[in-house]
Amino acid sequence: MIGQSTVLAAEFPPSVEDFYLPSILPWGAHDSYWFTKITFLVWLTVALIILFFLVAYRKPQLVPTKKQWLAESAYGFVRNNIAVEMIGPKGVAFAPYLTTLFLFIILNNFWGIVPLVQISPNSHIAFPAFLAIISYFMFIIVGIRHHGFVKYFKTALIPPAPWFILPLLIPIEFFSNFLVRPFSLAVRLFANMFAGHMLLLVFTLGGFAMINANVWFAPFSIVSWLMTIALTLLEFLVICLQAYVFTVLTASYVQGALADEH
Amino acid sequence: MTALTYLLAGMLVWGGIGWLVDHWVGTNGIFAGIGAVVGIGGGVYLIVRRLGA
Numbered sequence: 000m001i002g003q004s005t006v007l008a009a010e011f012p013p014s015v016e017d018f019y020l021p022s023i024l025p026w027g028a029h030d031s032y033w034f035t036k037i038t039f040l041v042w043l044t045v046a047l048i049i050l051f052f053l054v055a056y057r058k059p060q061l062v063p064t065k066k067q068w069l070a071e072s073a074y075g076f077v078r079n080n081i082a083v084e085m086i087g088p089k090g091v092a093f094a095p096y097l098t099t100l101f102l103f104i105i106l107n108n109f110w111g112i113v114p115l116v117q118i119s120p121n122s123h124i125a126f127p128a129f130l131a132i133i134s135y136f137m138f139i140i141v142g143i144r145h146h147g148f149v150k151y152f153k154t155a156l157i158p159p160a161p162w163f164i165l166p167l168l169i170p171i172e173f174f175s176n177f178l179v180r181p182f183s184l185a186v187r188l189f190a191n192m193f194a195g196h197m198l199l200l201v202f203t204l205g206g207f208a209m210i211n212a213n214v215w216f217a218p219f220s221i222v223s224w225l226m227t228i229a230l231t232l233l234e235f236l237v238i239c240l241q242a243y244v245f246t247v248l249t250a251s252y253v254q255g256a257l258a259d260e261h
Numbered sequence: 000m001t002a003l004t005y006l007l008a009g010m011l012v013w014g015g016i017g018w019l020v021d022h023w024v025g026t027n028g029i030f031a032g033i034g035a036v037v038g039i040g041g042g043v044y045l046i047v048r049r050l051g052a
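Chains H and F, in that order, give the protein sequences.
Residue numbers are given in numbering that gives the first Met the number 0: position 199 of the first sequence equals residue 198, and the series is strictly consecutive.
Residue numbers are given in numbering that gives the first Met the number 0: position 19 of the second sequence equals residue 18, and the series is strictly consecutive.
FYI, nobody ran anything at the bench for these hints, they're computed from the structure.
A hint or two may mislead.
Residues from chain F that face chain H, not an exhaustive set, calculated with beta carbons under 10 Å [what the hints assert, rightly or not]:
no., residue
1, 19
2, 20
3, 38
Pairs of lysine to any residue residues, derived as SDA-like cross-links and limited to a Cα-Cα distance of at most 25 Å, are as follows [to be verified]:
no., chain 1, residue 1, chain 2, residue 2
4, H, 153, F, 3
5, H, 153, F, 22
6, H, 153, F, 47
7, H, 153, F, 25
8, H, 89, F, 44
9, H, 150, F, 46
10, H, 153, F, 48
11, H, 153, F, 2
12, H, 153, F, 23
13, H, 153, F, 31
14, H, 153, F, 24
15, H, 150, F, 4
16, H, 89, F, 50
17, H, 153, F, 29
18, H, 150, F, 26
19, H, 150, F, 27
20, H, 153, F, 18
21, H, 150, F, 29
22, H, 153, F, 28
23, H, 89, F, 49
24, H, 153, F, 10
25, H, 150, F, 32
Built from N, CA and C at the ideal position, the CB exists for glycine as well.
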């Protein structure tokens, strides 16, 4: 509803400005980003996940109902195929967090291709960045609790190598384990959602721009809009893949923190 | 994924340190070049030790 009018009104070469949607609140709307469509979608995602699991587990049956089956298979998928697969038997303890993370990301991403909504909150770096910060602190704290402070940083930073080569390797280990990880987690998810939204904008608005420029360009506009539909299907793939990748990498970092030196 | 991170990290860290040394000594980039090569060597070594059999 909100998306439609802004898309039709937008200028053709889409820019970063198109990601900053106007305030929903009518008062003080000018330059106010406290409550926008993005904020609304994030809260809607949270509410939907909470409600869905509450409803699905209200009266658990031995033979699951449809909703219960869906909830159980979502949890079962993350627990068996991500948590236990990556971390091992200890992974069951992390399955609830990983499931929450997975569902939160996939649903937030999914707004990117829902007709008339079509923007993902994850195309603003704040959300992926915060999720990455949570994952970052989680694997460090898990490692410290498992090994103890000194021993954890020893196993994380000091590879099995002769002493004279260690000064060369320790900075690399520090950089790749403690600096690159949160950054790459956040940027990977953000960039995928940002680029996806940008692509859809280019093809949709490009169609309008061509048909407005010259009526004879109408066939090209139609091709452009068909491309939008095809790219929406591609986006669906990216959405699922990125949610999966984020969760798997978080699990693999936790696994690395729990691993004993070898 | 981890392997790629090690390679890039090696190059960036030691290349960066070399670049700083360049600035400090006043050379044009010789230390950055040496640093990048040494760093990628370290990255390869790390991959073999950490991820190899």
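The hints, checked one at a time:
1. 19: Since chain H brings no Cβ nearer than about 12 Å to residue 19 of chain F, farther than 10 Å, the hint is violated.
2. 20: Given a least distance of 14 Å, the restraint on residue 20 of chain F is violated.
3. 38: holds, 7 Å
4. H:153 / F:3: The hint holds at about 22 Å.
5. H:153 / F:22: Violated, at about 32 Å.
6. H:153 / F:47: Status holds; Cα separation ~19 Å.
7. H:153 / F:25: The hint is violated at about 36 Å.
8. H:89 / F:44: Outside the cut-off at roughly 30 Å; violated.
9. H:150 / F:46: The given pair, whose Cα atoms are some 21 Å apart, holds under the 25 Å limit.
10. H:153 / F:48: With a Cα-Cα distance of about 16 Å, the restraint between residue 153 of chain H and residue 48 of chain F holds, given a limit of 25 Å.
11. H:153 / F:2: holds, 20 Å
12. H:153 / F:23: violated, 31 Å
13. H:153 / F:31: The hint is violated at about 28 Å.
14. H:153 / F:24: violated, 33 Å
15. H:150 / F:4: OK: residue 150 of chain H and residue 4 of chain F at ~23 Å, within 25 Å.
16. H:89 / F:50: holds, 22 Å
17. H:153 / F:29: violated, 33 Å
18. H:150 / F:26: violated, 40 Å
19. H:150 / F:27: violated, 41 Å
20. H:153 / F:18: violated, 28 Å
21. H:150 / F:29: violated, 38 Å
22. H:153 / F:28: Not OK: residue 153 of chain H and residue 28 of chain F at ~33 Å, beyond 25 Å, violated.
23. H:89 / F:49: This hinted pair holds, its Cα atoms lying about 22 Å apart.
24. H:153 / F:10: Since the Cα atoms of residue 153 of chain H and residue 10 of chain F sit roughly 23 Å apart, the hinted pair holds (cutoff 25 Å).
25. H:150 / F:32: violated, 35 Å
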